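Trainee: Taking the numbering used here, the leading residue of the sequence shown gets 50, the next gets one more, and so forth.
Read the hints as simulated data drawn from the structure, not as lab findings. Keep in mind it's a predicted model, so treat the numbers as computed, not measured. Careful: at least some of the hints might be erroneous.
[As the list claims (entries may be wrong)] Have a look at the derived ranges for each label pair, beta carbon to beta carbon:
(1) I136 / Y156: 47 to 55 angstroms
(2) V145 / F66: 35 to 43 angstroms
(3) F190 / E73: 21 to 29 angstroms
(4) A154 / L88: 39 to 47 angstroms
(5) R195 / R72: 23 to 31 angstroms
(6) R69 / V191: 41 to 49 angstroms
(7) E73 / R193: 36 to 44 angstroms
(8) A68 / S124: 18 to 26 angstroms
(9) T81 / L153: 15 to 23 angstroms
(10) A84 / A111: 22 to 30 angstroms
(11) D51 / P160: 19 to 27 angstroms
(12) D51 / Q107: 12 to 20 angstroms
[Said to hold, decoys possible] Calculated lysine to aspartate or glutamate pairs in the EDC-like style (CA-CA distance at most 20 angstroms, straight line):
(13) K80 / D171
(14) K55 / E119
(15) K146 / E159
(16) K146 / E74
(17) K146 / D98
(18) K55 / D162
(19) K55 / E104
(20) K80 / D109
(21) K80 / D115
(22) K146 / D115
Beta carbons: idealized from backbone N, C-alpha and C, even for Gly.
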Amino acid sequence: MDCVIKETLRLLPSFPFVARTVREETELAGKTLPAGTVLVVNIFGLHRDPRHHHEPLQFDPARFADADRERHPYSYLPFSGGPRSCIGQRYGMMAVKTMLAAVLAEYSIEPADEDDAKAPADFPLTFYMSLHLVGGVRVRFVPRERH
């Protein structure tokens with residue numbers, strides 16, 4: 050379940066960018082950045098960059114399996130990174146896992162129809178405060194049989 054959630058957050062991060070202000074003059078990639086410069090990290094683009102993720106538009110939870118730990122530690126930033134990363138990331142991940150486990154214990158989830166069976170990279174997206182799917186995703190909850 051962990052790998053599926055991480056892969057979902059890689060393709061569809063809640064916040065597709067993060068901004069930071071340079072506090073003091075800094076050298077970065079051969080450029081001098083004066084204090085007060087605003088840097089924007091394009092998390093959405095980073096997560097879809099083939100230099101960091103093989104076949105980046107493919108939904109592949111296996112890329113987060115223990116065997117695949119060779120990626121750069123800052124190539125996956127769904128909650129930002131470093132000392133200013135999201136304070137609620139552990140709570141958020143635990144809440145998603147708890148909710149998902151409860152729902153999947155009772156139902157299997159299927160696309161509502163064939164048109165809804167798209168790859169995550171094909172969903173139309175919009176941004177207002179956080180990333181959203183345009184029109185949502187239609188699914189069908191099929192009750193699981195009890196034995």
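Trainee: Hints first: check each against the structure and report whether it holds.
Mentor: Against the structure, the hints come out as follows:
1. I136 / Y156: 47 to 55 angstroms: With Cβ atoms ~32 angstroms apart, the hint is violated.
2. V145 / F66: 35 to 43 angstroms: About 21 angstroms separates the Cβ atoms of V145 and F66, which means 35 to 43 angstroms is violated.
3. F190 / E73: 21 to 29 angstroms: violated (53 angstroms)
4. A154 / L88: 39 to 47 angstroms: Given range 39 to 47 angstroms: holds, Cβ gap about 43 angstroms.
5. R195 / R72: 23 to 31 angstroms: violated (58 angstroms)
6. R69 / V191: 41 to 49 angstroms: 45 angstroms Cβ-Cβ, so the 41 to 49 angstroms window holds.
7. E73 / R193: 36 to 44 angstroms: At 57 angstroms between Cβs, range violated.
8. A68 / S124: 18 to 26 angstroms: Distance hint for A68, S124 holds at roughly 19 angstroms.
9. T81 / L153: 15 to 23 angstroms: The hinted range 15 to 23 angstroms is violated for T81 and L153, with Cβ atoms some 51 angstroms apart.
10. A84 / A111: 22 to 30 angstroms: violated (43 angstroms)
11. D51 / P160: 19 to 27 angstroms: 23 angstroms Cβ-Cβ, so the 19 to 27 angstroms window holds.
12. D51 / Q107: 12 to 20 angstroms: Holds - the Cβ-Cβ distance for D51 and Q107, about 18 angstroms, lies within 12 to 20 angstroms.
13. K80 / D171: violated (36 angstroms)
14. K55 / E119: holds (16 angstroms)
15. K146 / E159: This hinted pair holds, its Cα atoms lying about 19 angstroms apart.
16. K146 / E74: Cα-Cα ~42 angstroms, so violated.
17. K146 / D98: violated (27 angstroms)
18. K55 / D162: Given pair K55, D162 is violated - Cα atoms ~26 angstroms apart, limit 20 angstroms.
19. K55 / E104: holds (16 angstroms)
20. K80 / D109: violated (36 angstroms)
21. K80 / D115: violated (36 angstroms)
22. K146 / D115: Holds, at about 19 angstroms.
Violation of the numbered hints given earlier is confined to hints 1, 2, 3, 5, 7, 9, 10, 13, 16, 17, 18, 20 and 21; the remaining hints are satisfied by the structure.
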